[in-house]
Amino acid sequence: MTIWHADAELLAAYAGGRLDLARTASVEQHLLGCGVCRAGVAAVADRSLLDRVWADTVDVLDRPPVSLGERVLTWFGLAAPAARLACNASTARRAWLAASTLLAVFALAAPGADDRLAVWLLVLAPLVPMTGVAIAYGPETDPMHELVASSSYPRLRLVLLRSLIVVPVTGVLLLACSVGVPGGPRTAVLWLLPGLALAAMTLALEGRFGALRPAVALSVGWIAFAVGARAGTGSVLAAYGPSVQLVCLAALVAAAAFAARGRHPSRRSF
Amino acid sequence: MDIRLTEVTKTFGRNRAIGPVSLEAGPGVLGLLGPNGAGKTTLLRILATVIAPTAGQARLLGYDIASPAGRTEIRRRLGYVPQECGFPTGFTPFEYVDYVAILKEWADRRTRHDEVRRVLGVMGLTDVAGRRIRRLSGGMRRRLVIAQALLGDPPLLVLDEPTVSLDPEQRLRFRDAVSTLADGRCVVVSTHQTEDVAALCPRVVVLHEGEIRYDGSPSGLAARADGRVWTAADRQPGAVVAWRSENGGIRQIGVPPVGSELVRPTLEDGYLLLVGGAGNRQEVPA
Amino acid sequence: MGHGGDGVANSQATGSGRTELSDAALLAAVARGDRNAFADLYARHAPWLQVRLRRRCGDPDVVAEALQDTFVAVWRGAGRWGGRGEVPAWLWGIAVRRFLNVVAGRARHDVLVPVSDPVVTSAEDQVLLGLEYGDAAGALNRLSPQLQAVVRATVLDGLNTREAARLLNIPQGTVKTRMARARELLRQALS
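Chain order of the listed sequences is A, B and C.
The numbering of the first sequence is this note's numbering, which starts it at 1 and goes up by one.
The numbering of the second sequence is this note's numbering, which starts it at 1001 and goes up by one.
The numbering of the third sequence is this note's numbering, which starts it at 2001 and goes up by one.
By construction, these hints were calculated from the structure, which means they are not laboratory data.
Any given hint could be a false lead.
[Said to hold, decoys possible] Partial selection, computed: residues in chain B whose CB lies under 8 Å from chain A:
| no. | residue |
| --- | --- |
| 1 | E1007 |
| 2 | A1048 |
| 3 | D1064 |
| 4 | L1078 |
Just so we're clear, the structure is a prediction, and the values are computed from it rather than from any experiment.
Glycine included, each C-beta is placed from N, C-alpha and C at the ideal position.
Sequences and hints are given; from them, build the entire structure.
Set out below in structure tokens:
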């Protein structure tokens, strides 16, 4: 017995809806089992719709998964591409997050521990936002630095986006310190201005010196200052006196204004 | 003129990496040959606006590299393949090229993703677009970095040793891809493989110790070694460079002794004559 | 070469010489993440699925969305085809349910029902089409549109009562009564 295949006319009638239920049912049942006739139906299918659906399907499949951080940022109103730039965690950032978490955990555990140790939190905490900003850009921490440096994306905006993570981390650390530091929140909040000032200074100096050198220099300088203040007065809190706060505020404003002016062409790099 | 460098110098501290270098280039492929440490990467990084020259002027695509606005315009029309490029952990090829596309200011998701698909297709990476980069071979990773340079069809392409870690077959395919790309576009390719240059570049620039030693056609470079290349059974005095050739015998470049068996010079011979013993041939010791 | 692959927008979708592979083999390749195999599968099956869906709904956007959802589901779930039954039937099972999802989300939809004026087919065609329905064919065609819709949804498309109810926008009880009525009428016609 010869194998029967539907002719073009029948398939066209089927596709055009001109067959009754019984025949439609038969054709459809036949198609389920016959590859040749399925190919025949392709001739009467809607080609442009098929192309469009293929492109859309591929588009859905290719879409990279959106991380939780990106979702949070877009919920706050940030554009999706900017959220992408803000969120991919490099190895440097993961290390920084780990260190900050350690510090926060230490702060929470501190009430039971030695008071002197707890106070050292106040020395290290300001370095956290600064380091977060320092690792946001630069050949030392970015595996794609060459490509980033040769791209047209506004540099300052990129650094700020990548530093966004500093905001929640600083908040968490602040809360943790409120618990762990003797003197509670009123003392804990003292490190905020110095921390922001250090971060802003790193940002401002980054164009000229890169990120790493200012960060290291500022860290060493700050620790030396805090140690010196403690040695002088017996308490680390001397490093946080009102005059220090004022200086930090001034430094913060100046550095922010400088950074916002836009990058000036430097001899070293762009 | 797409590239116009005038007396460009770059020093790092006390070390003068290149300069002064003057160069003009229009559409077409320009091959930058030179041994390691010659300053090729430094020159290309200046072309890619990654570093600024210490002295001299540079105009790319009509824009001045010294002004921030000029740099932005150049970057919008530039594709760059750096010599070394890392990848963010956990990224797939698609995510990587998509990330670069965002950096190149492709804001609309659908057009951006369509473009990502296009360049991945051009470099033959569609099948692995969803696989983690760390699982890909060195050759595929190299192709991936080349793919991102093609985003947006830039009129200026700067490729730093793009064929390193590609096998011969891939290198052939790469050459084909670049020749088609060069249509109406200015492409600067640096390499220390003379075969790539011979096959691909109508114009060769030889860089040695930071200075341009030759700027012209490949045949002209080969002609420089006319009458200076010979083969013999042993290395002979007067040979600047000597290595074992495929058919036995030692191929030598320099001042041939009288009565030597002269051979027709290749591009590589001309190049080696220029850079002395700094090429990458396995030498036969004197 | 009537494979319908030429129109598909994407160079690897034109079936790079894999046309000898069976559907099962293609599906296995898709489960491994082979994009080319997926393109071939699409080229082979999207056309008839589109036509069949078109016979269920007049809105091309609905058909397009259902078709897209279908193939996204196929890509993600290719590993779930356990080898039972035939691939086309499995594909239709996915397609009709994706279609159901799209359509149930819209307030009104027009669900096409085939016309009752038959196209004249040759006697040979009728025989070879295996019209096992025989005399029932006429009776089937004489059913009212509502009954035909229910019969098509449950018997032909393989939906259960709940799904048919969602598709036709009627209560499940109505589906059951109409099915019973249809069966009754067909039994009468055959006796």
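Here's how the hints hold up against the structure:
no. : hint  : in the structure
1   : E1007 : violated (17 Å)
2   : A1048 : holds (4 Å)
3   : D1064 : violated (11 Å)
4   : L1078 : holds (6 Å)
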